[in-house]
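Respectively, the protein sequence lines represent chains L and U. Under my numbering, the first sequence has 193 at position 171, and the numbering climbs by one with no breaks. Under my numbering, the second sequence has 262 at position 230, and the numbering climbs by one with no breaks.
Just so you know, the hints here were simulated from the structure itself, not pulled from any lab data. Treat the hints with care, since some could be wrong.
Below, computed lysine to aspartate or glutamate pairings styled on DMTMM-like, alpha-carbon distance capped at 20 angstroms [claimed, not checked]:
id, chain 1, residue 1, chain 2, residue 2
1, L, K254, L, D48
2, U, K366, L, E182
3, U, K365, L, E91
4, U, K165, U, E244
5, U, K369, L, E233
6, U, K363, L, E91
7, L, K240, L, D230
8, L, K29, L, E194
9, U, K64, L, E233
10, U, K366, U, E241
11, U, K364, L, E91
12, L, K43, U, D368
13, L, K240, L, D278
14, U, K237, L, D230
15, L, K43, L, E91
16, L, K43, L, D260
17, U, K64, L, E182
18, L, K42, U, D368
19, L, K99, U, D134
20, L, K240, U, D66
21, U, K363, L, D48
22, U, K65, L, D175
23, U, K370, L, E91
24, L, K99, L, E37
25, L, K29, U, D134
26, L, K121, L, D69
27, L, K254, L, D175
Since the model is a prediction, treat every value here as computed from it, not as a measurement.
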Amino acid sequence: MADIRSKIADIYSLEQLSLKKSWVHDRHPLVKLASTFLFIILVVSFDRYELARLAPFIFYPVILMALSETPWPIVLKRFALTLPFCLFAGISNVIFERKTAFILMGLNISVGVVSLFSIVFRAFLCVTAVLLLIAVTPMSRITAQLRRLHLPDIFVTLFEMLYRYIAVLLGEASTMYTAYMLRSTEFKGLQMRHMGSFAGQLLIRSYDRAERVYNAMKCRGYDSFAARGKKKRLSAADYLYLAATCLPLIALRIIDVRAAYSIVF
Amino acid sequence: MHMADALLSPAVGGVMCAASAAAVVYSAAKTKKDELGEKKLPLMAVTGAFVFAAQMINFTIPGTGSSGHIGGGILLCAMLGAHPALLSLAAVLIIQCLFFADGGLLALGCNIFNMGVIPCLLVYPLIFKPIVKKGLNYRRITIATIVSVVIGLQLGAFGVVLETLASGITELPFGTFVALMQPIHLAIGLVEGVVMSAILCFVYKMRPEILESSLASAPIKSGVSVKKTVIVLAAATLIVGGALSLIASSNPDGLEWAMEKTAGTAELEASGGVFDRAAAIQGSTAFLPDYSFSNSGEESSPVGTTVSGIVGGVMTFALAGIAGFLISLSKKKKRDKKAQ
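Just need the whole structure built from these sequences, with the hints factored in.
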């Protein structure tokens, strides 16, 4: 709890990556959104036992990560946080599906084990795809694109403001927590019976602050419903990106790579 | 409570995305029409950020990692009104999905529905509001909050069960899954409800006008909005229900299959006790009958192709790793050259 400030840095670490320069970063947000969605839909459209056919999809995150120079630790750390529920569902498959899928070096590998691996692997693919999208596309360009896709303006503005307010609010919480700890030296952390008033106080303070921020924005001529990004046309490079990501993915979905495996290996 | 892409089929994910998108667009239109809509925007943003921040500062139920979204939803409703609250909560869920990989992109529809639409458009108008209708006081606020949070969480958890089973990724029987999810969320709901009611009572003590104005704003003016909400929800439920049953019937791995396996029949009429007992019997007998070796005549793939599949998969990973490494290497070289 004391390290709220480090958490703030952690929240925005992914966004900082998006300010880098690379060929992938420069692409139009629309093509990146489209390829991410296509990737996820294709990955989850496979049957749950299709581990072998899913394997080649690893190329998408690996190559994009390398091209955009996104460091793996950030992505892996966040993936680890999402694991528990997937493991829970996967392990229940191991318990309930005991039919043998194949025998490997004298060991019976059950269908459930295959599906466990498949669930974890597809979770990995989906998580990295989404995090990659954010790591290579600045927030402002994503929201501008969402506006152009005719998402309700009020919702997109809310989304932007909410995202920025998180840091403000956590800063406020950190100040309050320090003050609380200085006043109550005999306790280690926040007392349960103070939780309601602590959180309530934080809420009211933020509420007031939000009003002040809003007034300040208005004074400077902010008009939320008019703020639209400049229209940017798709360039040849954008079409190239779209083709280079989507065509191989679709091909991998249609062609059964297992046949290729048995020919090559 | 956040559902992941990996446990979802595209059909279920798509249907739920459509339903949630409709609810969000409807709420956005509703909020914009409201005279105070634009002025409320910063308040919506900051309360949404509060729900998010509350989670960050370990304001979670210890041990379960429940993020307090449903409770947060009820809190937002009480402070902002139902439609702005849904927008705020949806924005929080999208941020969590994009920046923290908490809940998948395709699963967003499910998550917004379970944690946003259910508490904001269903539980709040149908349970919270009638309780506090006669006027606000601490007792009514406490009761209304706890009851709505508990019911909201139960419905949300049940939504997770239905959506997961309809996707057919997990093999967990319906009875076991429900028996696992509902009691856990009952406990979480109670704790969350108590904390949320404490916060709301504090807000009411300090700033009664915040709660009063949100309660007074939307429905009392016309009474139409509640009716419309119910119609929209009924339509959404019909669409979703219809689509889900279609998926379930066309996909033997889905909901129907799970029910057939647990209860021995595909009919929904099975009562709880019988259901549970059947699940228990199934659980105790499933170990042996299903346990068979590869020569049981099943269509399992021949060992030859499987091994080549594994080798192929490993080689694919290795190739991908090498490709990534080479690209990074060349990038680094380029950068070094530039630096010189």
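**Prompt:** Which hints from the list above does the structure break, by number from lowest to highest?
**Reply:** 2, 5, 10, 13
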